[in-house]
Every structure is written in structure tokens, then in C-alpha cells.
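**Student:** In order, the protein sequences belong to chains A and B. Residues in the first sequence are numbered consecutively from 1, following the numbering used here. Residues in the second sequence are numbered consecutively from 1, following the numbering used here.
No wet-lab data here; the hints were simulated from the structure. Glycine is no exception: its CB is placed at the ideal position from the N, C-alpha and C atoms.
Among the chain B residues that face chain A by a calculated CB cut under 8 Å, a handful are:
1) D627
2) V630
3) E686
4) Q690
5) A693
6) D694
Derived CB-CB ranges, DEER-like:
7) A/R45 x B/D70: 31 to 41 Å
8) A/Q257 x B/A382: 35 to 45 Å
9) A/K43 x B/L75: 39 to 49 Å
10) B/N235 x A/V107: 48 to 58 Å
11) A/K43 x B/A589: 48 to 58 Å
12) B/L689 x A/R45: 16 to 26 Å
13) B/A433 x A/V107: 31 to 41 Å
14) A/Q257 x B/L75: 40 to 50 Å
15) B/A683 x A/E66: 41 to 51 Å
16) A/V148 x B/A683: 32 to 42 Å
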Amino acid sequence: MQVPAPFEYERATSVENAIALRERLGEEARFIAGGHSLLPMMKLRLANPEYLIDINDLTELFFITEEAGEIRIGAMTRHRELLESELLAEHFPIFRDAEKVIADPVVRNRGTLGGSLCQADPSEDLSAVCAALDASCLIKSTTGERLVAMTDFHVGPYETAVGDAEMLTEIRIPLKANSGSAYEKVERRAGDWAVVSSGAAVWMDGDVIADGRVGLAAVGPNTTSIGPVSDALRGAAPSEELYQQVGEIAAANCSPQTDQRGSVAYKKHLAMELTRRSLRRAVARAQGQEA
Amino acid sequence: MRHSEPMRRFVRADGPEKVTGSGRYTADLTLTGQLIAKFRYAEVSHGRITKLDVSAAREVAGVLAVLTQDDVPDLRYGDAVADRTLFARDVVRFEGEVIAAVAATSAQAAQAGIDAIIVEIDELPAITDVEEALTEQSPLVHEGWADYESGWGCERNRNVASFSSISKGDAAAAMNTADHVVSSRFVADGSHALPIEPRSVVAQWEGNKVTIWTSTQVPFKARDGVCETLGLPSNRVRVIVPHLGGGFGGKCGFHFEAHIAALSRAARRPVKLVFSREEEFLAPDRRREGIVFEVTSGVMDNGDIVARTGKVVVDNGAYTADAGFFPQMASMHLAGPYKVANVHIDAHLVYTNHQPSGSVRAPTAPQACWALESHTDELAAAIGMDPVDFRLRNCVDTGDEGVVGQTYDEIGLIECIEAATGAAGYGRTELAADEAIGVAVGWWPSFPGASGAYVKLEADGSGEIITGAQECGTGSVMTLRQLAADELGMDPEDFQIVYQDTAAGPYDAGATGSQTLLNNGRAVQNASRQIAGQLRQMAADRFEASPDDIVLGDGVAMVVGTPDRSVPIAELARSSMNTELLLGHGSSAPVDTPVLRNSTCVGDMGLSAWIGPQFSCHAVRVKVDRDTGVARVVSVHAAHDSGTIINPIAARGQIEGGVVMGIGQALSEGTQYDERGAQRNAALLEYKLQTAADIPPIHTKFVEVFTNDAGPNGAKGVAEAPNVATAAAIANAISKVVGAPVRQLPMTAERVWEHSVGNGEVAS
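With the sequences and hints as input, model every part of the structure.
**Tutor:** Printed below as a string of C-alpha cells:
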């Protein structure tokens, strides 16, 4: 049945108000941001919240700024803003790469960064992007706030570190010199969920990679940041052999399932191939070879 | 001629309603006292019903009717093969088969009633492999097949619901003389028509008459199905189609109208059914068939094809619906529009426990064209000839004899090939190593048949066309205004159309077989000519002239060459109130099929010789990422001989829609089954339609050839032909990039990648 179960609805007036409502209403309450994941789940009765707390009026969560050596992005920032932001394009072109292949304009006008991360779908592109960029998540409650690294943010499929009385308010990405980033995705048609995608970010020190990260999407849980990949990249000089080797590490460290998007063999191959490509482009960008 | 004036302005009569949302669809209707219907489905692909108890359902609050096969006349129906009952009796043969129906005061109550029905089924092994089902050892889908009637005279045996063959010359002997013999095998998955409007039916009885509003493409067929299964005369069943939200063949045939009419009669209340998307995927008997093709051709070094043999195995699914003619159609398409002197093709329509197949836009043709045209590129490669040159050498032209010995009148296939490849820059364009232009030719018959219309002019001079024709979104019914206006010297906007109501208009076959404008267009022309004759006589009387000297144009009747002796048509219409009303009626008639020579066709059902055959060539530029298998269509150039083009804007829309559907079939659309024969991707999340963002520029060129014995002004059909050659052309482009044909349809990225790896083509 394409109709949600009955629910109560409140429109939050501030972050504090939203968190207070959430604390009072408890685990049966859900924040609704863009609604492009939650509403379909409610219509399919996969989610049956008793209360929806609408946070679309919280303009204090709509921002992309450079501050204290970080790029800070409000949780309610829409996909479209991420796509169009010149500040992000300058520092982290991976965002524009990814946003070009996320859904369609109607969804991008409405869906949010915070909503994407909190949905914690293993196929979610922005989770892979944020993991590659070594982002942190600012989580607030009535008693204070805490900063959680992306590697600790997702605790399982559709599960995050955000507690029942907490709210993700901001994503912070460190600004470090000589960085490059890129995103590669294979999808079954334009704007679809990934069959596999790979996001890569590197930070160069002269001719070697000082640090690098790869986040994969749609190849199983906990693939948004792969430790052995970073181990292999650190201190290495970029080369086609390195991209191939790291691609193979990425493929070996993911655990896709055979489903209608593809077989395990195909997905592992894509994890390798797309990691190779995203690394190659990330390094090229870090070296100023590609805008 | 007026009709071919370029880009004549075309305002769809239904356009403003559809665009603004004021138009009403079946699901928008609500009648006083209306109940909601729901179905209980088999949910298993094959099994024996051991218990069916609806007594608890009848006690559910709000439930006013529960029906099973025990509650309706116990007869089998089906035009091709009478192999079906309204509700399953004893055996279920596909997962979407209806076992029982409930009508209740709300959707929730209806669902509660459905849930209260006790069904116990002993599951039987599902017969899902169409080639295994063809063997003598296979269990039967229909144990009682031999007792079934076939209204179409289908050649049947065990799991074969219909067999056809084409035989001409001596294919085996000629094959032995060939310089090269190439054999190919191709497997096409089934797919769906997928109209965006899931179907809906509303039924209401008044006395002993029932009115049924339904989203069908074929209102008269739906009416006849109700009459047959419920035992009613035609004039007590009225079928009305509000706006139809797409069909693509999926809403051809009689489906659920009788179930809802029977519920309504039992409950003594109006009853409404609205399908969910999942039901729209699983329950209708009109999905596009999966097919296995084997084809072998013998070619000479000079490029002549001297022999062709083939075997076609079509997945019929559990019931035959209208698929009885599919073996013939698939055979014709595997033979192709080529001059081959020696041919033998066998084609089998085989029962399985899949959802039944039926006429989806150009049934069997996109798959067979994909197989044949992939094979044709292999033939050209075998002798080192360019594939376009190879086609130009072998394909039929005006005066040539085709594969079943039919001699073609003026046709434009050669011009189509030249137009499409020329516009695409084939052979002249620099292409990157990962790009190629693939070329394929296609064909499709026109289906002349009986069809009727009335035309009348009211006293104020406004006109009305009352037609049996059905508009399924193509614009063909909307184009009827143009034909009436041309005959009467009026503007298309002077006419309103009353359509898709079996009690108002005369018979028409419906939005099926590309036949609407072809047949109903002639009926409207004939009806309009009667009124034109009346108007000429009235003007002739007024001006003391001969009716032959009266011309109708720009809204006036005028003595030829003398503008001062003219009278507005509206004035004549007003005076008709004092004389004879301006009423015309018209009918189109079937025409004789062409003569076949030197060939035999078993089980051909009249479809081996084609009246007004349409031809096409698509040249498609494709970019293939060999390391991921992702193929992207860069541009499509489509050239079509559909005879005279009556309405260029609407015809172009048909080409573009057909091409888009073809791209989906080529790359992303295909039904996946589990081992028990259940569909795994019966949802839009997993069944991948193409969207606007996937679609490349589509360039259309019409090769206008005047065709005798076809539609109005020499027109042929145009709705299905555009769907035929696109997937084939894409396949040939992919094959060029990865080194050999991808032998499965759809050619998904994973399949292209597997293939690319298999051919050792992966870049380091």
C-alpha cells in the first residue's frame, strides 16, 4: 500500500527545539529533512515513525563555509547546493563529481547531506565521499555536542552513531595542502543507485602521496573507508602500478552481494577499476593537471 | 497535397486536458456506493489447488462479494487458444494468476477479505526453461491441452501452443554450396510494456445492462471478452475508456473487465479496481516474450546470401493470450527483408510457468531483429564486406521478391538505409576507439481491417467525429480531425471527437497493430466525403451550378473560380435543419493479402504476406566503456518508410518513443526470474526504464513512398515500426567496439563486460 501509517507531525523552530522534541518523543520520532528516503520507506511501511519532526525551517543548518582550516557544511545543505558550490568545487571536486550522478534535479533540490549520511544506506554516494575526505560529523544533544569521525559514524547498514536524543548538525572536512579528489560511479541508468562507486582523495607531499583515502559505495557494510588502501598509499609515488595495486586492495576489502545490480565478480571488478580511475583523477587534480 | 504540407500545425484535442490535469482517467472515477475490488493471486508459479475456502472472507465486515471460478460461467476463453478461465480452477500456472476476487466497502476491508480466503496449493515443479519445455520429456503446463479449442487454427502439440514455419527453395542443399556458413545463437529476456498508468476498471449495472470504464487499448475486444465469459449479448455491455495513461500493447486484449463486472453484479453496487505497480508487473497477460534464436546463413564471396535456416523458441508463458501469431512474426523477422532464395525457419510458441506473453509494441520484432541483424553483421564480417554495403546488396527493393515469395510494390528500404547512414556520417566520421556506429534494418506489416466512424455537422457549423477508435497516446485519433477537415474544407479545430465508447462509435480493433489511422482514417474520410457531397449539392442548388463544380475550402463552399458565388459552410449547416441533417458514416474494409509464390508457411494465420509493409533503418552511435561494460547511446538516426506521413509532428513522436523503448530493451530492461519462475524485479526500483537523462538526440527522416491498398492518402502504420531496429543497431555498435556480438538481451553493462573479458578485449 502506497500510503504511510498515521503519524504525528511537528515543525521544529530551532536546532535546540528540534533536539528537545526528539528527546521528549523518544525513539518513535524521526527527523524529516528532504524526505526522499524516509517518505518512500514510510509508504512501503518499512519505517513507521509515530512522530515526524520537520527540520526544513532550520535555516541555521543551511551553509557551506570555510572556517578554522576546515570546510564546514550544515546538515540541511541540499544536494543542489553541494553540486553548485564553487567553494567545494575548488577544494573538493569529488562533491561535484558525485552530485552530477546522484538522482535527478527534483531529488537534488530537496535531499540533504545530513539526511543522506543519517540514512546510512550502503549504496549512499555521499557517505563514500565524506569518508574519502576524512570528514567528521558534529552531533548535538541537549547536554552538548561531540565530533565523530566518518569511520565511526556508520555502525552498520542503516545505523549511525547518532543517538535517539541527538541530531547531526554539521560535517567538517579538514583543509590540507595539495589535495585532490574524484568520484567514479557505475549505475544502471542515469541517476540510479550505484552498482558500485569509488571516491578517492589524496594529499601530496612533493612527488609522493602523503595521505590518501578511498571510500566505496554499494559493496557491503563498512567499505566507506578502507584502512589497507590508506596504508598502501601513504608515502608512495603515484603510478599506474600503484593505482592497480590499490584497486585490487579495495576489491579484496569489500564484500558485495550478488543481486539485481550485478554479481559479486562484476562488483569486485568494478571496485578495482573505479578505484583505479578515481585515484588517477584525484592525483592528477592534486598535481594541478585537471581542473 | 494538403496532407504533406510540412509541419502543419497540430493541436491535440486532448492535449490541454492532459497537460493541465483536468482530463480524467479511469482511476479518477468515483460512483455513489462504489466498492473496492482486490484479487487473491496464486503467488506460486505452478501448483495444484487442494483447498479453496472463501466462507470466512464472506463474513469479513464490509465485504459484499467474493467470487471464484465457481461463481462465473465455467468456460475457457482465448482467441488463439481457449486455454484460460477467469479464475484459476484446480491448477495455477503463473504467480500472477487470479484465484479469487473480493469487493468491499473500503480497500482495507477488501484486503481483509482477501487475507481471510483459505488457499492451499501443492506446489509443482515450475517449467521455466523454454527449450526444455519444447522437448518430448518435459512435463506439461496444460495436461488437457489436446481438448482445447483454437479459434485461429494454431498448430499445437504438448507444450507447443502454436507452431509456424517458412519454407522456400531448398535451404539444406543451398547451404552446401555456400562459400561461408555462419551459425549464431541469441537469447532475449522477456520485458514489460510498462504504461505509467496502472490499469483500473470500474463497473456499474443498471437493470440488465452493465457499463464498464476501463483502461484498455481495445474497448471492443474488452467488451467481447465480457460478453463471452459472462454470457451477455454485445448490446448489454458498454465499455468506455476515459483518458488512457499509456499502453504500449500491455493494455491490448481482454483482461479484468469481466471480473469486476461479475463482482458488481454479485454485490449490487458499483465496483472499482485500481492496480498497484506490482500488480501491473505481474498479473496482465501482455508482457514481451523471451525468445531463443538459432540462425544459420550461407553466403557467397561476392556477398550474396544463398540460404538461411533458423529455429525460434518463444516463451508463451502460462496462457496464450494473443501470442498465437508470434511464431509467424518471429519467423518473418528472422528471415528479414532480404532476398534469400532458400529459407527454412521453424518457430515454436512454448508454454512455461511464466507470466503470459502478449502483444507488446511490435511483438517479437525487436528481439528477432536484434538476433538477425547481429547475425547479418557477422555474415558481412565473414566475407570482409562492410555491413552497410552487405545490406544494400541483399535487402529487398521495389519489384523484388521477398522471403515468402511476396513481390513488393514501391518500397523505400534502400532509401532508408542511405538516409540513416548518410545522416549519421557512417564511414565518414572520425570515431574514438571506444565508439562505433551500428546499423540495422527493420520491417513491420500494416494491418488493414474493419473500422467505422460517423461524422456530423451541427446547425452552428461545428463538427463532431464519433469513432470507435481508441487513443492510447500516439495522437492517431487526434489526427482524425485533420482528415475530416481536409475533406470538408474546414479547420481541424472545428471538430470535437467522441471516442473510446462502444455504445457511441462503430466497431474498431482498438489501439493495436499500428492500425488506427490506417483503418479508422479511411472510415473518417469516407464519412466526411458523404457530408462533403451533401454540402456540394446544397451549394450547387443555391448557385444553380453542378455539384462537381463546388469546392470546399477555408470554411466556405464556392463555385470553382468564382469567389463571389460562395457560401459559408456554417450557413449551409444551419439550413440543413430545414432539409436533411449533415450526417456521414464511413467504414474501412480489409483488403486482400498479397500472393505468395514458391513458399509454404505452416500456421501462418495470414501474416506471412504483408500488406503495406513498413521499412526502417536505424544508425546508432554508441560509446562503450570496455572496462566497466557501460554502453551509452550518443545519437540515433532513424529513417522510416511508413508511406505518406499524415501528421509529421505525431509521427515524429512515434519514432522518438519507439527508439527510447528500443534503447531500454537494448541496455536495461529485462525480467529476471528466480528458480521457481517468480519475477525478481517486478518494481520500478529494479526494472530499469530509461529516463529523459539517458536519452540521446534522435534524428528522424521519413522516406515517403505512396502505398496502394494501405491507409488514407497512401499512409502506412507508424506506431510499432520505430521499436524494431534500435536494439539491433545498438548491438552492432557494441559488437564493433568489443569484438563480437553480445548474445543476450538486454545487453547490460555486466553482460557487455563479461563479453569484453571473454574476448580478451580488456585494456591493460
